[in-house]
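Novice: Use the sequences and the hints to build the structure in full.
Under our numbering, the sequence shown is numbered contiguously, ending at residue 500.
In case anyone wonders, no lab produced these hints; they're calculated from the structure. It cannot be assumed that every hint is accurate.
Below, a list of computed lysine to aspartate or glutamate pairs in the EDC-like style, where the Cα atoms sit at most 16 Å apart [to be verified]:
1. Lys293 / Glu234
2. Lys219 / Glu192
3. Lys229 / Glu192
4. Lys165 / Glu95
What follows is a set of in silico ranges between Cβ atoms, one per label pair, in the way DEER data are often shown [what the hints assert, rightly or not]:
5. Ala184 / Gln205: 35 to 45 Å
6. Arg188 / Val233: 25 to 35 Å
7. Ala115 / Pro166: 49 to 59 Å
Note that the structure is a prediction, hence the values are computed from the model and not measured. Just so it is clear, CB atoms sit at the ideal spot from N, CA and C, and this is done for glycine as well.
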Amino acid sequence: MRSRTAIAAVVILLALAPITRGQELAFVTSQIDARLDVARQNARDLFTKLLTYPAETQSAALQLAQFPEVLSQLAAAPNVEAAVASAPPVLQAAAREVVRNPELLKQMSGQLLGASLLGQVYADQKPAIDQIMTSLHTRQADEAAEATRAWAERLQQNKLASQQYQQVASQLGTQAELMKPGLPSERLVKHVLVEADMCPDLASEIVDQWERERNPGDFRQSVDLWFATNQEVLPGDFVGDTSERAMLLAEHAKFVRAYEAFVKESPANARVSKLDFLESSAAQFPMLTLVLQDKLFAMAEMMESSRPMGNPVAKRGGGGGSSSRSGGGSSRSGMSRGSGPISTASSGSGSGMMGGSSRGGRNNRNNGRNGNQGSGFGQSGGGFGNSGGGFGGGGFGNSGGFGGGGFGGSGGFGNSGGFGSGGFGNSGGGFGSGSSGFGSGNRNSNSRFGSGGSSRNSSGG
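Specialist: Below, the structure written as structure tokens:
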């Protein structure tokens, strides 16, 4: 009993004991390290940003970065002359050059520690940094020129997108950007993706440019942000048929507005996720619903393939296939990539909503991976869980797919019943052509939405 009391007393004394000198130093060191990590990232971001500016602006910014106190004064002073009145003439000239670029001044003055860190590195290694800046600036300029040429080709080949570009620029009052070569502005890109149902062809070309080309930072980041915000209901990539991509983006814009309106109706609705809202509104948004089902199928395949080798489980029906993203030449951010391609349709014959010939869905779903008959996400007879297949035998509801009879007719999600009867097009229709997918597992041949092939630039992104 006494030993227990002694142990308890020691524990209490240790708990009440003051923090040791070593602990105090460790705490302070951890705080310094955390701020240095932020400063290092800010310095890298600033360096990358400077690559987009002319050489004289780069030099001025790097020189000014060595004087963080002047940067602070520039951000607070009513005019540049008042802030640099007592500075050397060379520094005054650098300040005037930076002030002519408000976004750059805002970034530098808002991240003083990072700017100062970059300035110190430049002061210590000026010849090397100048050489690196020149080399990288030249390379980036070449990439920007190639991206600009690719964008001009898109507008030349897609007259509807070109007309919509002019209309949107007129609405936003940014006609000036039409007068010079270059990619759409950040403001225009954001507007087009939000209002894609009003300018679907332009939205489609913007997304394809993002997917395939090595684009300048502002353009890439604008689309990155849009994709990251909506990726739970969007496909993993968009390489493929332009017309179907345009329809998908238009439907997505309507979906986002419908979801936002739904959330505003009641505080309780805010707890409903986008995925739940999409599932409850499947009839309104068929293309997004097909994308969601494809993701679910891919997830199920992945889980099944991860089972131990000693406990094999037979595959359940239709295709699958792996995602084939645009890869090397694309500048799209790696973090924004989703979990699978846009693959949505079933196998069969006949023409669909977009017309065209039979192309075969994901690895020809009428064959399936194990020779199962039928198409869609099920087994014999199709469906997302038909009487012979699907996810776990009897499907998600009954013998026909999602609750019996598929999504509206016999056969489930892409067989002879499809989305009502006969698919969206014809018998076994799927969503596009008779046997096309909205993104097959094979992007080079059997895909409706996934025939995009390779990127324009084979170098890494």
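Novice: Next step is simple, just say for each hint if it's right about the structure.
Specialist: Status of the hints after comparison with the structure:
1. Between lysine 293 and glutamate 234 the alpha-carbon distance is near 8 Å, which keeps this suggested pair within the 16 Å criterion.
2. The suggested pairing of lysine 219 with glutamate 192 holds, with an alpha-carbon distance near 15 Å, which does not exceed 16 Å.
3. Between lysine 229 and glutamate 192, the direct Cα distance comes to roughly 21 Å. Violation of the 16 Å bound is thereby established for this hinted pair.
4. For the hint pairing lysine 165 with glutamate 95, the CA-to-CA distance comes to about 15 Å; that is within 16 Å, so the pair holds.
5. Range check, alanine 184 to glutamine 205: about 23 Å between beta-carbon atoms, so the 35 to 45 Å window is missed.
6. Range check, arginine 188 to valine 233: about 27 Å between beta-carbon atoms, so the 25 to 35 Å window is met.
7. Separated by about 34 Å at the C-beta atoms, alanine 115 and proline 166 break the suggested range of 49 to 59 Å.
Going down the numbered hints, you'll see the structure goes against 3, 5, 7, while the others check out.
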